[in-house]
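Dock chain H against the given chain U, drawing on the hints supplied.
2 protein chains.
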Amino acid sequence: MAARLQGPRPLVLGLLLCMLSAMGSQGGKLLVIPMDGSHWLSMVSVVQQLQQRGHEAVVVTHEASVLIKEDTFYTLKRYPVPFQKRDLEMTLVSLGRSVFETAPFWQQVVEIYKRIKEHASMLFSACSHLLHNKELMASLMAGGFEAVLTDPFLPCGPIVAQYLSLPAVFFLNGLPCSLDFDGTQCPNPPSYVPRSLSVNSDSMTFLHRVKNMLIAFTESFMCSMVYSPYASLASEVLQKDMTVQDILSFGSVWLLRRDFVKDYPRPIMPNIVFVGGINCLPQKPLSQEFEAYVNASGEHGIVIFSLGSMVSEIPEKKAMEIADALGKIPQTVLWRYTGNRPSNLAKNTVLVKWLPQNDLLGHPNTRAFITHAGSHGIYEGICNGVPMVMMPLFGDQMDNAKRMESRGAGITLNVLEMTSDDLENALKKVINEKSYKENIERLSRLHKDRPVEPLDLAVFWVEFVMRHKGAPHLRPAAHDLTWYQYHSLDVIGFLLAIMLGATFITFKCCVFGCQKCFGKKGRVKKTHKSKAH
Amino acid sequence: MAARLQGPRPLVLGLLLCMLSAMGSQGGKLLVIPMDGSHWLSMVSVVQQLQQRGHEAVVVTHEASVLIKEDTFYTLKRYPVPFQKRDLEMTLVSLGRSVFETAPFWQQVVEIYKRIKEHASMLFSACSHLLHNKELMASLMAGGFEAVLTDPFLPCGPIVAQYLSLPAVFFLNGLPCSLDFDGTQCPNPPSYVPRSLSVNSDSMTFLHRVKNMLIAFTESFMCSMVYSPYASLASEVLQKDMTVQDILSFGSVWLLRRDFVKDYPRPIMPNIVFVGGINCLPQKPLSQEFEAYVNASGEHGIVIFSLGSMVSEIPEKKAMEIADALGKIPQTVLWRYTGNRPSNLAKNTVLVKWLPQNDLLGHPNTRAFITHAGSHGIYEGICNGVPMVMMPLFGDQMDNAKRMESRGAGITLNVLEMTSDDLENALKKVINEKSYKENIERLSRLHKDRPVEPLDLAVFWVEFVMRHKGAPHLRPAAHDLTWYQYHSLDVIGFLLAIMLGATFITFKCCVFGCQKCFGKKGRVKKTHKSKAH
Chain U
4 MAARLQGPRP LVLGLLLCML SAMGSQGGKL LVIPMDGSHW LSMVSVVQQL
54 QQRGHEAVVV THEASVLIKE DTFYTLKRYP VPFQKRDLEM TLVSLGRSVF
104 ETAPFWQQVV EIYKRIKEHA SMLFSACSHL LHNKELMASL MAGGFEAVLT
154 DPFLPCGPIV AQYLSLPAVF FLNGLPCSLD FDGTQCPNPP SYVPRSLSVN
204 SDSMTFLHRV KNMLIAFTES FMCSMVYSPY ASLASEVLQK DMTVQDILSF
254 GSVWLLRRDF VKDYPRPIMP NIVFVGGINC LPQKPLSQEF EAYVNASGEH
304 GIVIFSLGSM VSEIPEKKAM EIADALGKIP QTVLWRYTGN RPSNLAKNTV
354 LVKWLPQNDL LGHPNTRAFI THAGSHGIYE GICNGVPMVM MPLFGDQMDN
404 AKRMESRGAG ITLNVLEMTS DDLENALKKV INEKSYKENI ERLSRLHKDR
454 PVEPLDLAVF WVEFVMRHKG APHLRPAAHD LTWYQYHSLD VIGFLLAIML
504 GATFITFKCC VFGCQKCFGK KGRVKKTHKS KAH
Chain H
4 MAARLQGPRP LVLGLLLCML SAMGSQGGKL LVIPMDGSHW LSMVSVVQQL
54 QQRGHEAVVV THEASVLIKE DTFYTLKRYP VPFQKRDLEM TLVSLGRSVF
104 ETAPFWQQVV EIYKRIKEHA SMLFSACSHL LHNKELMASL MAGGFEAVLT
154 DPFLPCGPIV AQYLSLPAVF FLNGLPCSLD FDGTQCPNPP SYVPRSLSVN
204 SDSMTFLHRV KNMLIAFTES FMCSMVYSPY ASLASEVLQK DMTVQDILSF
254 GSVWLLRRDF VKDYPRPIMP NIVFVGGINC LPQKPLSQEF EAYVNASGEH
304 GIVIFSLGSM VSEIPEKKAM EIADALGKIP QTVLWRYTGN RPSNLAKNTV
354 LVKWLPQNDL LGHPNTRAFI THAGSHGIYE GICNGVPMVM MPLFGDQMDN
404 AKRMESRGAG ITLNVLEMTS DDLENALKKV INEKSYKENI ERLSRLHKDR
454 PVEPLDLAVF WVEFVMRHKG APHLRPAAHD LTWYQYHSLD VIGFLLAIML
504 GATFITFKCC VFGCQKCFGK KGRVKKTHKS KAH
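Note that the protein sequences, when read in sequence, are chains U and H. Position one of the first sequence corresponds to residue 4 (our numbering), numbered consecutively onward. Position one of the second sequence corresponds to residue 4 (our numbering), numbered consecutively onward.
Bound conformation, chain U alone (with noise of 0.2 angstroms):
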């Protein structure tokens, strides 16, 4: 039964849809406005499709741009702003090297605060750039384009669509703040969605729930610092007054890189389209290098390590604490790391530059994988069905490894607060205990059997929406009333006010029937007794 119904073979059929879609069609013109980063790393990937379907895409960027760069299948516009590559990348070293300090905790939330500070200034102050470089823009009005592909994280790629009059596909992981779901007018109950950063899960206690709520009331205020900069140079460059919502509302199809095996259910809108794993490539065989190091791991196999391109090095406490736990276990460790050796480090333990995360993650000798749990890592690991230990570091990362863990697929430890013995205890436990290995190729199955590939959906919809100039049909008409009309206050108001008046007349008449009627006979009675005396 278990290999019995196949599915549609999603990635078989996602070719043949890749073959002949392309058959005698003539490509149309994208105009893309990506996040530098890791954001950039799946959305290439709908690019690099897009161009082979016969479009042309033009991806815009700053010259300051990490990982944005030159390739064969867009080109590439760079416009000049008053920082550096190197001051970027400064900035995300100093805000992954916050994670590990140890100051006392309000120090380090305002400590992180200003680091993350800092690195959005850097990149409002690109968007502004950008949309005050009068001859970019005028050579992107001129363009000849169809729609805008962009993340809407730091939201520049939407004011620049709204500018030039095109329909805007918005690809992205999410946004903080519910700010995603403000933008599509999705509902978003807090007693059973866990908020960002609540590390709840869609099952609270009422305490849990009582922190969601509270975390909800105070979202629209923890962003501002963020995305209020972008509401007034939205309405300065478009000339009318732009909140951030309304920035956000003009996305035609928003193509959220999520899936329900890892988030939990929830409402979603028409427009709202799921392609949660569409980072996860097929296998290409290993290198000589990694091939020779699964392959001498034996009976064991290999546990693959990696925190993320953001950490680049660990205090050498914790990394001599974490090479004592790696050096406990009898698999072979890949370890990602460009920081120094630990003294101690085992036998066991390799580390290396750069790995072959996803291919590495594939291959039938790989028993666990530790992961900062960013999303990216999260998906590779679902695909591949490897239990996972997670350190989670930054944002949504806590979250991820929460939804994981609560579907026991994986431990999570506290980077900072973990011994040896734990990491050593939890990478035993997910190897194993084969409930693990079990629920995390559950997850993997379920999010594998899907009618449509998640890649082939993203260009699917990018094309939908440059074929039919937006997606207007989709747009739920919520977005054309005010917040008190979407709640229905006034209506609830205007009913209220009626059953008062009518609960008051009712009253009033009664009482003065009662008086007519009572009234009289109680004067009639008087009058007896008087005439009696």
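No lab work stands behind these hints: they were computed from the structure. Treat the hints with care, as some may be off.
Since the list gives no way to pick out one identical chain from another, each pair is judged satisfied if it fits inside one copy or across any two copies.
[Unchecked claim] No farther apart than 25 angstroms at their CA atoms in a straight line, the calculated lysine to any residue pairs in the SDA-like style are these:
| id | residue 1 | residue 2 |
| --- | --- | --- |
| 1 | K331 | L348 |
| 2 | K320 | K356 |
| 3 | K440 | H476 |
| 4 | K472 | E441 |
| 5 | K451 | M272 |
| 6 | K440 | S423 |
| 7 | K472 | R445 |
| 8 | K214 | P190 |
| 9 | K214 | C226 |
| 10 | K214 | T506 |
| 11 | K214 | A500 |
| 12 | K88 | L98 |
| 13 | K214 | H490 |
| 14 | K440 | H471 |
| 15 | K451 | Q55 |
| 16 | K405 | L200 |
| 17 | K214 | T485 |
| 18 | K287 | G304 |
A quick note: this is a predicted structure, and the numbers were derived from the prediction, not measured.
Just chain H now, kept in the frame of chain U:
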């Protein structure tokens, strides 16, 4: 540009999908508990497709069913009921006739209520006879089924599925009184989601919103006549307290025959899959008889007219009015009508007992479609891009007509109040004014531009539920909350209590502080004063 990007050619893909997934697959066993009547007409194509993909379907229905008959691609199991097919047909005909009765409004409402109750009672009795048919239920229990495919319009199938502990796929157009959205825990804001029978669009004035809210308030009572007996039956059979919502929330996946070119954009849930237009099959060649009619129509083309299977005849006066209007247009009219031939029927009007509606609508000579706005007909009109004159009669037909009218793709007439001139003018308008044809063709293009054909999508999700024994990863945690927890009323109450408590304590502290300060001063002053005296 128009013909350029052909999209992923879903039809070809659909076929490939079928061929690919059927390769080497071994079928499962599916229990089908359908609704009789037009509801069956779309579902049967899913059953046929599943059989072609190697599955075995067993369809269970009562002995009096009207449209569900023996066929080669499923096994039919019938069970006895204490009424005959003709009794059921009579209640339907009587319900059809009630539309044209000219009694005062309230008398008509009471009459329709009585007839619906009579029809619903027969179907409820059928359900009760199925669930109490020990032999049949035991054979189903031992049948080795993997899932139940059912239409929960009358929720007998969901009770059977729960009794047999089998996951259920619901296949439906929708449920009255928002029961479908209660059953999926789907938010349903009355500020922009028009309620069934409200004839509101999604863009409402204040008074429309008041009407919508009033309907929303009364929905839970309105349907209790038909639905609450099922709750009692389920409680008895399943030996636990069941509400209608409990019965419906059992659905693993809801295949809704809706689409956002017809329905207004609104919140949805992860286990709701839209398969609207599933009944639009590829055109078959016309028979010689109909081909002759179409060819003879010349440059003016034809108009297709059908009020569906429930209306077999129309009062003579109304039929003559209609015949009069039809005689005044230059097109040939093909009118599906089984009543008496109106004496004034013009030469251009042909009465037929049956017509191949979808094939005729797909003919390039078809200029307009006069329809009762049932969902099947509406989708056939959309698929084939034929502007409509709509005469809604029952249930959701008024809402369907409103949707098409609000999109400029047709004109709605009140069949009771319209005059011959109204019909003539409406027909001339939709045929001669370009905007109607342009709008319906735009909707048609949007509707048919999708990554997967609705039939393939429906088949995919039935198989998904069979493969994975349900779809628990798509079930929102909202199902585990009480209504006040869902709306966070307990949390809001708790936070309000804390706020009020804190305010009260702060106020008391201030008062106490003031008394301490000013009280002392006052006393000191008094003392000074008395000393001074």
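(request) Please write out, lowest number first, the hints stated earlier that are contradicted by the structure. (result) none
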